[in-house]
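Chains as they are written, first to last, in my numbering: chain A, 101 to 769; chain B, 101 to 769.
Straight-line alpha carbon distances no greater than 20 Å define the calculated PhoX-like cross-link-like pairs of lysine-lysine that follow:
#1 A/Lys589 to B/Lys711
#2 B/Lys711 to A/Lys590
#3 B/Lys711 to A/Lys726
#4 B/Lys589 to A/Lys622
#5 A/Lys711 to B/Lys589
Sample of chain A residues lacking proximity to chain B, with all beta carbon distances greater than 10 Å (derived):
#6 Met282
#7 Gly287
#8 Leu328
#9 Lys354
#10 Val373
#11 Asn400
#12 Gly428
#13 Asp461
#14 Val490
#15 Met541
#16 Val550
#17 Ala577
#18 Phe582
#19 Cys619
#20 Trp661
Each pair of labels, with its calculated beta carbon distance range:
#21 B/Asn593 to A/Arg596: 49 to 55 Å
#22 B/Phe258 to A/Val579: 36 to 42 Å
#23 A/Pro676 to B/Arg543: 40 to 46 Å
#24 B/Glu748 to A/Arg697: 17 to 23 Å
#25 B/Leu658 to A/Val579: 40 to 46 Å
#26 B/Asp392 to A/Pro426: 57 to 63 Å
If you're looking for bench data, these hints aren't it; they were derived computationally from the structure. Using N, Cα and C, we set each Cβ at its ideal position, and we do this for glycine too.
Number of protein chains: 2
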Amino acid sequence: MPGTGSLFKRLLLGRAMRSDKLGETLLPKRLALPIFASDALSSVAYAPDEILLMLGLAGGAFVATHSWQITVAVVLVMVVVVASYRQNVHAYPSGGGDYEVATVNLGPRAGLTVASALLVDYVLTVAVSISSGVQNAATVLGFVRGHEVIVAVALIAFLTAMNLRGVRESGKAFAVPVYAFMLAIIGMGVYGFVQHFTGTLTPAESAGLTLKPEEGQGLTGIAAAFLLLRAFSSGCAALTGVEAISNGVPAFKKPKSDNAATTLLLMGTLSVVMLGSIITLGQWTGVKIADDPGAQLLRNGQPVGDSYVQHTAIGQLAESVFAHFPVGVVFVSIVTGLILVLAANTAFNGFPVLGSILARDGYLPRQMHTRGDRLAFSNGILILAGAAIVLVIVFKAEVTALIQLYIVGVFVSFTTSQIGMVRHWTRNLRLERNAKERARMQRSRIINAVGAAMSATVLVVVLITKFQAGAKYAILAMVVLFVLMLGIKKHYNRVRDELAIDWDVERPMLPSHVHAIVCISKVHKPTMRALAYARASRPSYLEAVTVDVDPDETQSLLDEWDRRDIPVPLKVLSSPYRQITKPILDYVRSIRSGNPRDIVTVYLPEYVLGKWWEQILHNQSALRLKARLLFTPGVMVVSVPWQLQSSEGAERDWIDEPPISGSVRGGAL
Amino acid sequence: MPGTGSLFKRLLLGRAMRSDKLGETLLPKRLALPIFASDALSSVAYAPDEILLMLGLAGGAFVATHSWQITVAVVLVMVVVVASYRQNVHAYPSGGGDYEVATVNLGPRAGLTVASALLVDYVLTVAVSISSGVQNAATVLGFVRGHEVIVAVALIAFLTAMNLRGVRESGKAFAVPVYAFMLAIIGMGVYGFVQHFTGTLTPAESAGLTLKPEEGQGLTGIAAAFLLLRAFSSGCAALTGVEAISNGVPAFKKPKSDNAATTLLLMGTLSVVMLGSIITLGQWTGVKIADDPGAQLLRNGQPVGDSYVQHTAIGQLAESVFAHFPVGVVFVSIVTGLILVLAANTAFNGFPVLGSILARDGYLPRQMHTRGDRLAFSNGILILAGAAIVLVIVFKAEVTALIQLYIVGVFVSFTTSQIGMVRHWTRNLRLERNAKERARMQRSRIINAVGAAMSATVLVVVLITKFQAGAKYAILAMVVLFVLMLGIKKHYNRVRDELAIDWDVERPMLPSHVHAIVCISKVHKPTMRALAYARASRPSYLEAVTVDVDPDETQSLLDEWDRRDIPVPLKVLSSPYRQITKPILDYVRSIRSGNPRDIVTVYLPEYVLGKWWEQILHNQSALRLKARLLFTPGVMVVSVPWQLQSSEGAERDWIDEPPISGSVRGGAL
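So that you can see chain A by itself, here it is in the shape it has in the complex (with noise of 0.2 Å):
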């Protein structure tokens, strides 16, 4: 899938986009549905799995009785979620996103929370995606077994030197393949239903296995309901994704709000849909999914072995639904892969973007912000695929490992944003006097109210049943990002504060003389140019100067200096130690010293060169000196760059800036 990050960068604003121009590219729902919901769609090709795997440690008997408890819980916490969402779609028509909800009625702190909470949640959607991904291709093609990291890593390769070339593509590209997963998905349900009504339905391959506990998981109360717990929380993988919507208000058609929501309604529907059709399927079919297949599973009362190969739960319904139709089974493989892929990409457009908001408000480095420049969001597609394949080999992209660091942050995000809009309504209510608007946000701030109840309580299962098992380290990272963007804010007020005018108590001052001296190390164009630029810039006083670093070089110099008659003094200071630099800082120093109200003007020839290693051999002396001049006050340091042939049409190499981008989103228009 070449360049589909570039395309929804395309889609959303355009390669060349200006403001005012943006009204043209606003999306009409059939378009937002597949950029937006490509993530929360694709979770079902794991979620399920998740379900099935975790209620199978307790045997496949309970595996028969929990599943559908299990699914509705999920869908469940679904409806509330979406329906809490739509609120925020209408409350927050500028596509806020659940960092400024939180920011604007919780306080910079729950804002910030949230912001680490998701940085560290793209780069897990990233990891689980794409292992997820790998899984399922190794379905159809065999070969991929045993090399799932490899392929991974591979993988997130691809999709970041897509996204850094930053290739467009057309809309389609993003569409169709959203699309196709959706057919896939749903028409294998329906086919397998009429097949399960007709009673034509193939038996899954794994139908014949039993399925027995995992070794040491008993029964007993506690631990099946903790059992149930860890199930569930996997299941709500089904939910990653659904803020995408909210955040991405702007860009819909007008009326946006009521677009967005039906959207959100839209897919929440389908998520909703699918994942109780493969549940149900795989129930009908007898699809066992184990932790540990080789030793669970047990045919005619013998373990299967660690020879033995467990495909995907979508993957072992498509071979039974389509078991008289292959082409269907490769099908449902191959846009099951694409969506995946997809959804990492998702990831890889979110994560810098709420970046250069993070940038904006001081939290990242500014340069984040100001995404003229594409080397900042550069960075921040690096820092994404490098963290990411360090999860996926340290946990060798296993989704079931992943999926236990995962979720945390989007239930920290939810929770967070749905008590902040609980408190946005109770604000808003304040100051409502029609009685019928504030039924309706009395109305809204209950379900925001039970979005935030469901979310907290969600937020409080993955805790107890994950923390262990790889939570931990999510909950780590993101403590580590809350303290590192804080330090970062914190520095950026102390340096503003510092720089900041008393304008009551002083007044800048016009230094009363300027001294221009020109670092001379041989006559030559460059030198030339820096001595006569310094001359038409009319200094008080003027000066050549060079550190004699090797007698008979001075001596030559001088006396060049002489039979070309150049009409303005060469100083040369001595170097008793040969150094070069040195020499130069006193001497400016001592300028300084005797007259603290001017300022000093260092002239530094620089070489221009079109090459980077062409820049290794020249200028070194130059850039160390001026680094030192910079720490001396009362210096300007001017460059004054002497173009190589070499330097021509290499500027052509630089890359443009594109435009600021990526903000719709963001919420940041």
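Model the placement of chain B on the given structure of chain A, informed by the hints.
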């Protein structure tokens, strides 16, 4: 041995030695010998082993008959080479070194060949000496065995750290271990000889074993000759380091050349005596050294197996000679290990010095010449250490494997230098009329010619016997270095030609007007200072410029500008795509295009901060803008620094430029 490298520097140069005080630190012979000879003398720690091991491939009988022949051949080469270099010392009291001799007499390509060869051999000196030191240490420190690579890498890292930090020590720290090593080896020889002639010499631990020829190593004429030549090649490792004294002549007390020649003779004699006594004692005590000891050594007709621990020749001899005086064994092992580390350290001095000379001549980045900067020196140390570590890891710290790559460089250097000396005398003879002088020169020319022939013969032997075994990699590295350095030289020449002024044609023209623009984003102290400095420079035209990325921010900037009554017009550059760099570039170009003889001065306020991480958070836009502006003709870029509080004291953290040093050995006084 902490700081022996810097001690070297300190002995020769001192920490803050002024050029005019250099005379005070000249070396008496008793200090010059240990300083310059550690490399050459230390090779007797591994050369005997390699001779015995190579001959041993053809079995014990072959060793017994031929080891003396090989030793005599090596001693013969040593005598010739020492005699030849005594000529160099007299002819080039400047301490020219082989690089200078080759360049002056045979042209730059020959000099560059020598330089490439020496750079590669410095790396191998470190790898071989350290590996041998570790092997020797294993004789008394059993726990080192099996961890040779890690210990060797750790030792190189230690030397690197010491040389990077530049710890200084007293001269004795260098002289003591070298004299101790001489004492140990010669003492062991004398004591062993006494024991032999009194019939009390204990047989070596391997004396009771039989050395079986290696599989497939028949004793046909050609195979035997080849083995003899290989053994001879490996034995010639004893000659590495002979050239060190000829490089160091200027560091000797007067009469410099005579003292240096005497020291050279002393060193050669010591080497010969030590090598001869080790081989002789080895024969008398029955030391067996095998390439594959587990299979080649037989006890009662059975291979001793892989559990057999083969100690070095010096280690085995010490065990025999000091059988009743265990302190002697420990002493020999320790001083052998120490002198090998000192030998490696020699390369840590020589490599950057040679790099500095090459940089002076334009073959390496120029900033490596101006040793004023410790960074360049550090880079040399790091490159040397990195390359040596790679070699140690790849060749598993095995001296026998590494020695196959060694010596090629030394003999390329010997041969080229001696041919150059022949040319030198021939040229001088053309001018010299004094008959006595002519006779002396002709005698010298004959000695150098013999030296050249001998070196060339050894080089051919080394190439034939070692090419396939590893020398090819060393040669490849030399070729790569040669091509690289030639490319750098060509680049510098091209730039020099491009920058040269043709005074008949061109006279630098003074620009007619100076347009100054000050880049403003906010009204705070740094921008006000930039504005004040720009005004003090009294340009023809002055305006402040801001880029309209965010209309609200721009408006509030304009308001403040008016409110504060700032006496410079503020121009707002529109930026429809919210870029920063491009609008300013376009504006600067538009000024220039109207007035090509004018120049534009762009004032950039820069923050100066104390911590590197603070730098990341600031100045990025300014740096990017500056980088682009430098490509634009007719532009000066002025950095106006604002020192933030955190920068106070940070300048003191900068490493001070050390004096340009180390050139003494390179003869660049």
